[in-house]
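Visitor: So the chains spell out like this:
Number of protein chains: 4
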Amino acid sequence: MSHNSFGHMFRVTTWGESHGPAIGCVVDGCPPLLPLTETDIQVFMEKRKPGQSRFTTQRREPDEVKILSGVMVDEDGVQKTTGTPISLMVENTDQRSKDYSEIKDRFRPGHADFTYDAKYGIRDYRGGGRSSARETAMRVAAGAVARKVLDGVTIRAALVQVGPHEIDRSNWDWNQVDQNPFFAPDEKAAAYWADYLDRVRKAGSSVGAVIEVVAEGVPVGLGAPIYGKLDTDLSAAMMSINAVKGVEIGNGFEAARLSGEENADEIRIGEDGKPVFLTNNAGGVLGGISNGDPLVVRFAVKPTSSILTERKSITRTGEEIDVMTKGRHDPCVGIRAVPVGEAMMACVLADHFIRHRAQIG
Amino acid sequence: MSHNSFGHMFRVTTWGESHGPAIGCVVDGCPPLLPLTETDIQVFMEKRKPGQSRFTTQRREPDEVKILSGVMVDEDGVQKTTGTPISLMVENTDQRSKDYSEIKDRFRPGHADFTYDAKYGIRDYRGGGRSSARETAMRVAAGAVARKVLDGVTIRAALVQVGPHEIDRSNWDWNQVDQNPFFAPDEKAAAYWADYLDRVRKAGSSVGAVIEVVAEGVPVGLGAPIYGKLDTDLSAAMMSINAVKGVEIGNGFEAARLSGEENADEIRIGEDGKPVFLTNNAGGVLGGISNGDPLVVRFAVKPTSSILTERKSITRTGEEIDVMTKGRHDPCVGIRAVPVGEAMMACVLADHFIRHRAQIG
Amino acid sequence: MSHNSFGHMFRVTTWGESHGPAIGCVVDGCPPLLPLTETDIQVFMEKRKPGQSRFTTQRREPDEVKILSGVMVDEDGVQKTTGTPISLMVENTDQRSKDYSEIKDRFRPGHADFTYDAKYGIRDYRGGGRSSARETAMRVAAGAVARKVLDGVTIRAALVQVGPHEIDRSNWDWNQVDQNPFFAPDEKAAAYWADYLDRVRKAGSSVGAVIEVVAEGVPVGLGAPIYGKLDTDLSAAMMSINAVKGVEIGNGFEAARLSGEENADEIRIGEDGKPVFLTNNAGGVLGGISNGDPLVVRFAVKPTSSILTERKSITRTGEEIDVMTKGRHDPCVGIRAVPVGEAMMACVLADHFIRHRAQIG
Amino acid sequence: MSHNSFGHMFRVTTWGESHGPAIGCVVDGCPPLLPLTETDIQVFMEKRKPGQSRFTTQRREPDEVKILSGVMVDEDGVQKTTGTPISLMVENTDQRSKDYSEIKDRFRPGHADFTYDAKYGIRDYRGGGRSSARETAMRVAAGAVARKVLDGVTIRAALVQVGPHEIDRSNWDWNQVDQNPFFAPDEKAAAYWADYLDRVRKAGSSVGAVIEVVAEGVPVGLGAPIYGKLDTDLSAAMMSINAVKGVEIGNGFEAARLSGEENADEIRIGEDGKPVFLTNNAGGVLGGISNGDPLVVRFAVKPTSSILTERKSITRTGEEIDVMTKGRHDPCVGIRAVPVGEAMMACVLADHFIRHRAQIG
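Chains as they are written, first to last, in the working numbering: chain P, 55 to 415; chain B, 55 to 415; chain V, 55 to 415; chain S, 55 to 415.
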């Protein structure tokens, strides 16, 4: 039982608090002989890193990842994994030496302050401590390692809804995702959201979002019934991300509205002699096992709980107060959840990919 | 790593196929000294049992559960748990000796036939084998044991949507749930659904559904960050149920549409001197830890894949065919998922309840 | 965390008490397509079964194993594993309806009575309940399934010491093992032990024993550093058997007495071009990973705690008493531990064999 | 499944290679509110640190441990655990920039070189890489944290045999353990060993050893049948230490020689009204559960495999060679295994202590 680990054969353990000296993770179970450098990981760190646009927190963190173990330069000068645990670390550099006394004894509504305090009797209140979204940096680092395991698999994510504003799916263009600060696959939506989020940000408010993660090239057979289903693990992985309140696979909640005729994915034999599903309502999973179609997962992120409007709350000692959260925050924390969602997909797939090699998992 | 187990300290392992001699489960980690009889479990089996109305499969199974280990009659004549594993078994009695050759080599669209075959190279095709919803009977049995651990906690579930037809939440009445064959908390919805599902059933079609599970009286502090969150485990538990395609906690996907002001649950001190949340958008969980408010989980079930309309498919050997699934099936498998959802909630809570006793989990 | 399970990918969960209706196990993670019948398992049950000679308990149990799930007869009429959990059950038939009130409230020295009672506040006192060596029947059943996974591996065990009397290793003959009631690989030792144990038995006394388990044909590479070492898992597996107090690998405790020069296993290239170890002091494991040499494990079993001589003890309520254990007992419980040791070796190897397929475990 | 982790609720994951930039561990599941500073840990690091006498390797490592997460200074200025993962790191400082080409392609007999290479196809040959005993530094660090959980428990270890030379148990004096470079509880043995090991060292040879670990003040009830037994976990913990080849509990292998009358620990009621065992042949465990008596575990360490005498071996490419291991090595690696054995005992007990709080584990 591990409160700070996930995965079974590709197993990630994260540690660290928002304002401690560093954060890090240990990736255990990565197969040997995969080329891996810090640059391979840094590429993904850059996507999640704060302070890259006015729509995310202005905290400045270079998020430079260091590999402390688990790799070795081989005879050809290529640094490769050795099969031993890979320890990754990022030093925290922008922990402002501000006075935290203001939130030290106050429970910020929507945050984990109240429950951490109730459970542990102590908590690192500086920047949310362990419950800060800063922890997700290490998921992204682990996800970059996971991608090395997944040769031939493409994992991408996009923001598909901000507040009540959804993208127009007929405009979907993966090439757009890196062209705007929202990871939007729809140019027009991105433009609209920029305007909308500026208003939200200036009002000191926040909004929620929906992220869609898609994995293509997934081999048939990943996942294991009954409690090791691929969708079960994906669901848990996404739900474990800060602020996530809902997860769906393929048609998701929409499937409840459909008839069996509408929802079934019919099968034919393709030109290459292999089975082809004519639709992908299932989102790539049947009975918990991948069917070769793209894996499609969506998750909903609640609005950032840190807002400038005062909300009713209490102190540790039970006084009624009004709380307003100043400081550097994301008006829509869902934006930076996009690379995190990708990373979680990668980690789950790497785990099941390795398990599947043994045929049983 | 266990493909057929879930939970950590309250750990359930299920076994058995739809048409084998029996199905069963082992509940490991149940605390000692809890009164437990077969009748305590049977009550819940009755709720899930097939053939109780014309809206569920006509397979006739008494689903009589036997306790094979883990209990002992004490000096006062009360049968109690002993802390050793509790083995539960239900014999299958209505495995019709029909000819299965028709589906033996055919992949039924929407079912796990194709993926099981691709992964294992062999599958028990009789009634879906291991992938049959029959397995959920043992979840219900385990859930009945879990409830014994949860003194003071009330766990209830209701069907809130059938196909596109939702209940009217202003009519919500828990007392109605046992008064209709749908576990509907809304009398009018039940009447409408009866009519609607009759049409679906007669057409040989099927529809999806949404179930809501609510736990009241949950102590503050259950759940453990970061990867042992209560909502993470609830999400995985529900997603592991057959045909489930989406899960949400509290406001769920709706939270994406809200502002931080709308979504935050404000806190005051109640008359009893304890913290009170003025709303429950969070669904009872903050930072992965229960906050004392009702836990609210919803999940979406896809329409039953077995329908009388022909669908395009292929055989094991790659021939293109049309498949129609005759036999005894639920027109809306979501109905019988209601007690299963309750059971999964109970098992997850029992697990976290025991973990929390040690303060750390 | 599972108190009643062992193994990771080949995972065995046992349940049942000595005098309950049945005992059983669930084998999860067995690969598909392996031929498996009840007869395959029964062969090994017969070796452990009580009442086969005057040197073991006279309890009469047919120990007939039933397969309740996880197998399917294929098109050629061969029953094979399907990759789903294999549930095995043995009904208890010789639970004498005797009056247990005598031991109900008394703690038998050397038994688990005191500690079970202290931990759980309740215990099944009938025949030792869960702590009875009867549980090991299911290990033997699981071991028979494990052997199916281990094509080309030969697993054998022998009794090498009874009380202070060791075999003469220069007489070692595996063919003798099935020719005497002790699984002795030395004909003369068997003859001597028969005489010796008759005296022990008639005196109502008991003695300890040492068992040696050897696996030949083990592929190079099984086991994973640092905490998944093959010898670590073997050690735990043997120590979990009732009454075991010591475990050693290869030279074991003798290695402490040697110099580095004596203990190192030198390596040459054999006629087949493959590495050959000139000695096997290591017992087949280097750095926790199998080196291709025979795996050699020994474990020590303490004398049966049930004896006819009175011993000082106390009751549940703290009265000082003298306890004598009547009933049907093994004068040397180490004898029946021989097939159990083999089974545990098989289960550990099957687990690591499957893990190794994924290269990392 | 975790190759580099051990424990369930108090869970330790280690990482790092002998000659990488650092080694470290993550302690997950440590209860909150325990005072913990780097000094608390450093005390134990000092005991295991190399280069402290001429009888251990001359590698110079300050082994300065840093706490990177999981603690917080409370209002009284006391640094305490918070219930979040504790990340510990030690930088490697004395990785000599020597030429490793000599051992790069050679398999040193007795070492893990051959098996790591066979399993992973790549290995960090510098100083043994991951298989180096350097990893045990982090076990000692984790053990220091574990001791914080074990209020009232005293854990001590001693060297009781070096090569064939055992201590005289009638001389046993715990106060002597810190007075000599061997952790010997017998002054005379220490003097003899000094002389003996000087000869071994000068000859470039090595010898094995036996360590005894004793825990006093252990509460009744730790450990869980059947596969979560306290002695099972202790056995695995000790066997996972580098070079360990045998483990025994209480009487251990000697128990095999005894009769039931000799081996049974009789019970009386002590002056304080509590049960007292008149002897401790069991070593503090009955049926896998602690009985309140001192836990006694012994383990055997093989002689250091690095010796100056040439041994036959092969290269990676299959050439037959003679290998001699130069460099800085312990003539008796068993000496520094003493604090490691203590640490493993502490970690296992902390794990079971926390599990036991939940009554079931």
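Just so you know, not all the hints are guaranteed correct.
Straight-line alpha carbon distances no greater than 25 Å define the calculated DSS-like cross-link-like pairs of lysine-lysine that follow [stated by the list, open to error]:
1) P/Lys328 - B/Lys158
2) B/Lys158 - P/Lys366
3) P/Lys158 - B/Lys134
4) B/Lys134 - V/Lys134
5) P/Lys120 - S/Lys120
Simulated coverage check for chain S against chain V, where a stretch passes if three residues somewhere in it have a Cβ under 8 Å from a Cβ of chain V [stated by the list, open to error]:
6) 223-231
7) 234-245
These are computed hints drawn from the structure, not numbers from a lab. Cβ coordinates follow ideal geometry from the N, Cα and C atoms, glycine included.
Visitor: Now tell me if each hint is right for this structure.
Guide: Each hint, compared with the structure:
no.	hint	in the structure
1	P/Lys328 - B/Lys158	holds, 20 Å
2	B/Lys158 - P/Lys366	violated, 62 Å
3	P/Lys158 - B/Lys134	violated, 46 Å
4	B/Lys134 - V/Lys134	violated, 39 Å
5	P/Lys120 - S/Lys120	holds, 17 Å
6	223-231	violated (count 0)
7	234-245	violated (count 0)
When each numbered hint is compared with the structure, violations occur for hints 2, 3, 4, 6 and 7.
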